[in-house]
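Chemist: Listed here are the chains, written in short residue letters.
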Amino acid sequence: MKTTVPASPTDQLEVDQDIISRVLAGNRDAFSVLINRYSDPLYRHALGMTGSPDVAEDILQMSFIKAYQHLAEVRGRFDAWVFRIVANGCKDWLKNIRRTHLSYDEDDQPSGYSTPDEELDRTELRSDLDRALMTLAPSLREAFVMKHVEGRSYEEMADLLGTTVGALKMRVHRAREALQALLEEKYA
Amino acid sequence: MLDNLNARDGSGDAGRERPRRASELAQPLSDKEVPIGGTATSEMINSWLDGDAPEPVAVNAESARQVDLWRRIDEESQRRRHLVTPAHVKAQIMAALPADLPQMALPWWKKSIHVSPVVALAAAAGLVALGAAIGNSMRIR
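In the order they appear, the protein sequences are chains A and B.
My numbering applies: residue 330 is where the first sequence begins, and numbers increase by one.
My numbering applies: residue 217 is where the second sequence begins, and numbers increase by one.
With the rest of the complex left out, here is chain A:
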């Protein structure tokens, strides 16, 4: 249950600021460096929050366009700033949507599982986990996705969400309790 260690924030800040300066000076293509650098964790966040690859792609696209338009307003870390844009985009979408069921459509994802039975079992858990995640309150889902799917530390989460480590631990623990209650009848 290890979490990923982010690169030094100071180095990252300097490099990102350099790229932002290049974009603002007229090098539009330099923005692709920021997209390549940050799109994967942001895509995973949007996918975890919405449960839909199509919606995640749309939110990611809208967020990067918004980030581009307001690039001159970035103060501090670009990754934290763009994360907030994506997180707010996900919350807005959740407020506006009513859904009965959505699951990952990952037919194009390569499978690493050995037998058809294992694959079937895991596919079932995958969709059940998605359904269970969708029943959680957005703040609990956000905390669970950031901790488990994105592999962030509590300190990093607190930094990005502007809250305390204690509050986030509480949210993650409550999310786990709720998920366990929903899944244990079938799987435990």
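If you are wondering where the hints come from, they were derived from the structure by calculation, not from laboratory data.
Because the structure is a prediction, the values reported are computed rather than measured.
Quick reminder that beta carbons are idealized off the backbone N, C-alpha and C, glycines included.
Treat the hints with care, as some may be off.
[What the hints assert, rightly or not] Restraint-style ranges between C-beta atoms, simulated for each label pair:
1) B:G342 <-> A:V362: 45 to 53 Å
2) B:Q308 <-> A:V494: 17 to 25 Å
3) B:R281 <-> A:R366: 39 to 47 Å
4) B:A311 <-> A:R413: 22 to 30 Å
5) A:T464 <-> B:P302: 22 to 30 Å
6) B:V334 <-> A:Q398: 26 to 34 Å
[Said to hold, decoys possible] With a straight-line cut-off of 27 Å between C-alpha atoms, the simulated DSS-like cross-links for lysine-lysine are:
7) A:K395 <-> A:K424
8) A:K420 <-> B:K306
9) A:K420 <-> A:K395
10) A:K424 <-> A:K498
11) A:K515 <-> B:K306
12) A:K498 <-> A:K420
[Stated by the list, open to error] A partial selection of chain A residues facing chain B, derived with a Cβ cut-off under 8 Å:
13) L389
14) I394
15) H399
16) H477
17) Q509
We have chain A; now place chain B onto it with these hints.
Modeler: The following block gives chain B in isolation, referenced to the frame of chain A:
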């Protein structure tokens, strides 16, 4: 030598054992062990999932199932952690960026103002009228 009247290790009354109730004898051994959580996610499982403690040793069937469930959820989470943005999305974002460069955020007093001739004439007329009104009011006094 004093007798140990409060001995709890059994040494004070060797050979004597509290008689077991019939209900205790009927229970299987696992029911007497301390479970790690019941239906709620226990402290031990949370500590393990948070990376603060090793995987808990399950002491009964229920806790073993809980640990197994979280092991499977964690495997699924790990798999999702390696998902990447579909390649076409990055190209789409770049293609959808506005043609105009992002504007520098200037304070309002540094921003340029575009005034059409009509607006300039109207503003001038307004100022003349305001000056006349002030002049009249001073003459009355």
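Chemist: Could you run down the list of hints and mark each one as holding or not?
Modeler: How the hints compare with the structure:
Against the hinted window of 45 to 53 Å, the Cβ-Cβ separation of G342 of chain B and V362 of chain A comes to about 51 Å, which satisfies the hint. Under the hint 17 to 25 Å, the C-beta atoms of Q308 of chain B and V494 of chain A, about 37 Å apart, miss the expected range. At roughly 41 Å, the beta-carbon separation of R281 of chain B and R366 of chain A lies within the given 39 to 47 Å, and the hint holds. Separated by about 25 Å at the C-beta atoms, A311 of chain B and R413 of chain A satisfy the suggested range of 22 to 30 Å.
The given range of 22 to 30 Å is respected by T464 of chain A and P302 of chain B, whose C-beta atoms sit roughly 27 Å from each other. Restraint check, V334 of chain B to Q398 of chain A: a C-beta distance of roughly 31 Å satisfies the suggested window 26 to 34 Å. Our distance criterion of 27 Å between C-alpha atoms is met by K395 of chain A and K424 of chain A, whose separation comes to about 20 Å. Our distance criterion of 27 Å between C-alpha atoms is met by K420 of chain A and K306 of chain B, whose separation comes to about 22 Å.
For the given pair, K420 of chain A sits about 16 Å from K395 of chain A by alpha-carbon distance, which is consistent with the 27 Å threshold. Of the supplied pair hints, the one linking K424 of chain A and K498 of chain A holds, its CA atoms being roughly 24 Å apart against a limit of 27 Å. Under the criterion of a C-alpha separation no larger than 27 Å, the hint pairing K515 of chain A with K306 of chain B is inconsistent with the structure, at around 39 Å. For the given pair, K498 of chain A sits about 20 Å from K420 of chain A by alpha-carbon distance, which is consistent with the 27 Å threshold.
Against a cut-off of 8 Å between C-beta atoms, the interface hint on L389 of chain A holds, since the closest Cβ of chain B lies about 6 Å away. Satisfaction of the interface hint for I394 of chain A is found here, the shortest Cβ-Cβ separation to chain B being roughly 6 Å, below the 8 Å cut-off. Checking H399 of chain A against chain B: minimum C-beta separation of about 7 Å stays under 8 Å; hint holds. Interface restraint check for H477 of chain A: the shortest CB-CB distance to chain B comes to about 4 Å, inside 8 Å, so the restraint holds.
With 8 Å as the threshold, the beta carbon of Q509 of chain A comes within range of chain B, its nearest partner Cβ sitting at about 5 Å, so the hint holds.
Of the numbered hints stated above, those contradicted by the structure are hints 2 and 11, listed in ascending order.
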